[in-house]
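K.L.:
These protein sequence lines map, in sequence, to chains A and B. Each step along the first sequence adds one to the number in numbering that gives the first Met the number 0, with nothing skipped, and position 108 is 107. Each step along the second sequence adds one to the number in numbering that gives the first Met the number 0, with nothing skipped, and position 599 is 598.
No wet-lab data here; the hints were simulated from the structure. No false leads were slipped in.
Computed cross-link-like contacts, DSSO-like style, restricted to lysine-lysine with a CA-CA straight-line distance of at most 30 Å:
| no. | chain 1 | residue 1 | chain 2 | residue 2 |
| --- | --- | --- | --- | --- |
| 1 | B | LYS490 | A | LYS99 |
| 2 | B | LYS490 | A | LYS110 |
| 3 | A | LYS154 | B | LYS318 |
| 4 | B | LYS192 | B | LYS389 |
| 5 | B | LYS212 | A | LYS47 |
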Amino acid sequence: MLKILDTAVPIACWSCSIGHNESTLFCPHCSKIQPPPGGDFFQVFGLKHGFQIDLAALEQEFHRLSRRVHPDRFARAGENERQWSLADTALLNDAYRTLKEPLNRTEYLLKLEGAEIGEEHSGKDRKDPSRVPDDLLEEVFDLNMQLEEMRMGRKIGEDDPSLAASLQEAKTKFDGLLGAVDLDLRAQWQVWDAGDSTARMAAQSKMVALIDRRRYLSNLVRDVTETLGVQ
Amino acid sequence: MAEGRVVGIDLGTTNSLVAYMQGDAPVVIPGADGLNLVPSVVALDPVTADGGRPTVTVGNTARKALIESPERAIYSVKRLMGRGLEEIQGELKLFPFRLAEDVEAGEVPRIQLGELKFTPPEISAYILRQLKRNAERFFGAPVTQAVITVPAYFNDAQRQATKDAGRMAGLEVLRLVNEPTAAALAYGLDRAKEGTIAVYDFGGGTFDISILKLRDGIFEVQSTNGDTHLGGDDIDNLLLTIALDEIYSENGVDLHGHAGAVQAVRKAAIEAKIRLSTESAAYFDIELPNGDRYQREISRAGFELLIEPVLERTAGPCKRALLDAGVMPEGIDEVVLVGGSTRIPAVRQLVDDLFRLKARGKSPHTELNPDEVVALGAAVQADILAGASKSTEELLLLDVTPLSLGIEALGGTVARIIQRNSTIPASATEHFTTGVEGQTNVAIHVVQGERELAADCRSLARFDLRGIPPMSAGLPRIEVKFLIDADGILKVTAREQRSGQAAKIEVKPTYGLTDEQVESMILDSFDHAEEDFAARLLIEARNEAETILSLVASAPQKPAWQQLTGEELAAIAAARDHLAAVKLGEDSAAIREATLALDRATRRYAELMMDAAVSTAMRGKTMDAAGEDLGEAITAPHPMASAEFK
Chain A
0 MLKILDTAVP
10 IACWSCSIGH
20 NESTLFCPHC
30 SKIQPPPGGD
40 FFQVFGLKHG
50 FQIDLAALEQ
60 EFHRLSRRVH
70 PDRFARAGEN
80 ERQWSLADTA
90 LLNDAYRTLK
100 EPLNRTEYLL
110 KLEGAEIGEE
120 HSGKDRKDPS
130 RVPDDLLEEV
140 FDLNMQLEEM
150 RMGRKIGEDD
160 PSLAASLQEA
170 KTKFDGLLGA
180 VDLDLRAQWQ
190 VWDAGDSTAR
200 MAAQSKMVAL
210 IDRRRYLSNL
220 VRDVTETLGV
230 Q
Chain B
0 MAEGRVVGID
10 LGTTNSLVAY
20 MQGDAPVVIP
30 GADGLNLVPS
40 VVALDPVTAD
50 GGRPTVTVGN
60 TARKALIESP
70 ERAIYSVKRL
80 MGRGLEEIQG
90 ELKLFPFRLA
100 EDVEAGEVPR
110 IQLGELKFTP
120 PEISAYILRQ
130 LKRNAERFFG
140 APVTQAVITV
150 PAYFNDAQRQ
160 ATKDAGRMAG
170 LEVLRLVNEP
180 TAAALAYGLD
190 RAKEGTIAVY
200 DFGGGTFDIS
210 ILKLRDGIFE
220 VQSTNGDTHL
230 GGDDIDNLLL
240 TIALDEIYSE
250 NGVDLHGHAG
260 AVQAVRKAAI
270 EAKIRLSTES
280 AAYFDIELPN
290 GDRYQREISR
300 AGFELLIEPV
310 LERTAGPCKR
320 ALLDAGVMPE
330 GIDEVVLVGG
340 STRIPAVRQL
350 VDDLFRLKAR
360 GKSPHTELNP
370 DEVVALGAAV
380 QADILAGASK
390 STEELLLLDV
400 TPLSLGIEAL
410 GGTVARIIQR
420 NSTIPASATE
430 HFTTGVEGQT
440 NVAIHVVQGE
450 RELAADCRSL
460 ARFDLRGIPP
470 MSAGLPRIEV
480 KFLIDADGIL
490 KVTAREQRSG
500 QAAKIEVKPT
510 YGLTDEQVES
520 MILDSFDHAE
530 EDFAARLLIE
540 ARNEAETILS
550 LVASAPQKPA
560 WQQLTGEELA
570 AIAAARDHLA
580 AVKLGEDSAA
590 IREATLALDR
600 ATRRYAELMM
610 DAAVSTAMRG
620 KTMDAAGEDL
630 GEAITAPHPM
640 ASAEFK
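Using the sequences and the hints given, assemble the complete structure.
P.N.:
The following block contains the structure:
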């Protein structure tokens with residue numbers, strides 16, 4: 000077991016040599032740009048961990064920091080400052096991109112809080128049958144049959160309007176389920192943001208399950224949309 | 000600190016321009032011929048008698064070579080930038096690019112120009128050097144830093160090739176800016192606009208669509224899409240193909256293989272295309288090598304039917320860009336049109352339909368010259384980077400990467416690590432380990448594109464991570480950081496975390512030149528005129544003086560000369576003697592001034608010459624051909640003033 004040390008050693012500013020232990024892109028004393036800080040995306044914006052974010056304020060802060068840190072401002076600066084500007088701006092952009100989008104933000108914060116969330120790259124586990132949510136087993140089975148039938152029909156140039164209508168119906172239903180998941184997620188955000196550590200643990204595990212369900216549903220909707228879309 | 004100016008360069012498929020910020024407004028810098036546009040044509044002069052290395056000409060002078068000695072000239076080289084041999088096969092069928100015979104798969108293709116071979120970045124470097132010289136001539140001071148524009152949809156290799164070209168031309172490329180974004184900057188400068196705008200950029204060889212959000216001087220690109228091989232060239236090729244087919248079937252003349260004649264037909268096709276933007280019909284009238292004429296009328300309606308499939312190809316990218324930005328067509332507040340092809344009425348109609356403009360009482364922005372707007376925007380960005388002026392200090396451009404970046408994973412699938420339309424600079428960190436006991440290197444294949452399989456994406460580079468300490472399989476933890484910089488170019492660093500060793504990365508770009516190759520292609524290495532900037536300015540000034548002096552010397556034989564008054568003749572003689580004296584000195588500015596003075600003194604003579612040329616030209620010649628003759632007759636004695644006669 001590693002010992003946790005939470006007393007950070009102050010970092011000396013490269014320019015004015017005054018120590019600062021804030022996770023900051025700029026020296027609080029001389030305002031010079033600093034090498035990328037080690038903190039997380041929330042710290043970049045000076046935010047506490049939380050699932051609910053004021054998006055307008057986030058955008059404003061993103062613009063304010065961009066103006067100061069962007070490589071455009073350092074085109075003729077020294078090599079070090081140019082490199083830090085590049086790295087800091089990449090961090091700022093990565094942070095903004097992650098935090099402004101609700102799902103990315105949720106997954107990111109869950110991971111920061113130690114929750115186990117599976118990685119998903121380019122849908123390689125899209126077809127993993129073990130991930131079918133229990134309550135949807137039957138419907139998903141039917142849907143996959145219909146999708147297969149639709150694709151086979153397309154291949155030989157057949158178009159079955161009733162099949163398409165039934166797929167459209169399924170899509171509407173799954174879209175609705177997605178909406179419901181999003182509402183549930185938002186409810187858990189509130190619980191986590193307001194709650195104590197016990198409430199947070201409970202909310203976290205609910206969110207992990209919801210995210211899993213959401214991924215599954217959105218992959219299904221994408222499959223149906225793609226199949227219906229090829230006219 | 001007095002640092003040199005930063006210029007903005009639009010390195011276009013058809014034309015290139017250089018611009019700078021003059022006070023609060025960007026302006027284009029004209030060339031010695033007085034023209035803003037430098038045709039992106041490079042030609043090799045005939046071999047010199049002493050067997051020296053032939054000189055390279057660029058722009059309007061090179062354009063003549065396209066018809067006269069096509070094997071020594073090249074145009075539209077931008078289509079070849081950053082592309083591999085197997086990728087350019089389609090281009091080779093449509094364009095008279097002659098590949099060097101010894102080009103092998105896997106290396107950067109080289110183009111045969113006369114007896115020499117050049118890579119596409121070298122050809123582009125000649126164009127850039129010409130623009131650099133035009134700017135230096137204009138400022139009377141060296142120019143070493145530039146912003147260069149690229150199509151937004153250019154991939155990593157195409158961007159790198161453009162940067163390489165800059166370096167070969169002796170320019171430090173401070174930034175590559177996406178063309179549609181540059182156009183938005185040029186438009187957004189004078190008005191504090193807020194809102195969402197779409198830039199539809201349909202140029203000579205590339206198509207881009209970008210959607211931007213403007214707020215408080217920040218230009219934040221939301222999404223971009225496009226096609227780097229779709230442009231006015233494709234329209235020209237359609238007309239050209241029809242003409243060549245008809246010349247074969249109706250006149251019985253097969254022009255395939257007659258590069259010069261094909262170029263003459265292409266020129267006629269381009270002229271017809273341009274005329275059809277304002278007129279309801281255009282005529283082809285071309286003299287064939289056997290003396291026959293090919294004559295044909297093409298109507299606007301027929302033309303529009305012909306080009307519809309080309310124009311339709313711009314619709315898909317527009318729809319995808321809207322989708323990625325999460326905006327409906329009605330959510331677009333303004334549309335900006337960029338690129339010469341947007342002069343075509345059918346293109347404007349398509350844009351109107353796509354963004355439902357007329358229905359909403361709007362019309363697209365065309366106030367700035369579509370040929371110049373990108374260069375003007377590049378000048379604005381150059382000014383931002385120079386950090387020198389009040390007018391741009393509040394502006395900031397936040398651009399995106401057009402294509403997703405991924406790593407080839409097991410089974411040839413792509414693990415996407417940076418999504419398209421991510422604001423750049425952007426980064427991603429991935430962890431890798433070994434699969435075999437004692438393995439000391441890992442190979443990583445980086446690809447760019449949106450397809451699921453690596454084989455369907457664009458291969459960017461293969462990285463070999465070497466020097467991993469031998470450990471049990473799966474124990475090393477190699478952290479690889481991918482960073483897309485503000486130019487949209489990928490940089491990679493790696494570290495083995497358990498040993499703390501920085502793993503060595505060997506980058507093998509799939510397409511592109513190595514650092515050493517670029518170094519060896521720097522134009523200065525065989526261009527002695529670059530040695531001394533002041534010496535070069537002096538030589539240029541003396542050459543210009545020489546040209547006008549020799550024309551004045553031969554003038555008394557011309558009828559126009561007899562019409563001048565004694566007063567005018569005396570003024571010309573005084574200016575001539577002054578220039579002849581100053582020319583012997585070393586002061587290039589004084590020589591240039593004296594040249595201009597003689598130019599002014601002979602202005603009425605030039606006008607009389609032009610009148611005479613026009614009346615000669617009108618006898619049995621088309622207006623166009625007369626224009627060409629005029630161009631030669633008039634620009635020659637007046638190197639500074641030709642623009643007035645355009």
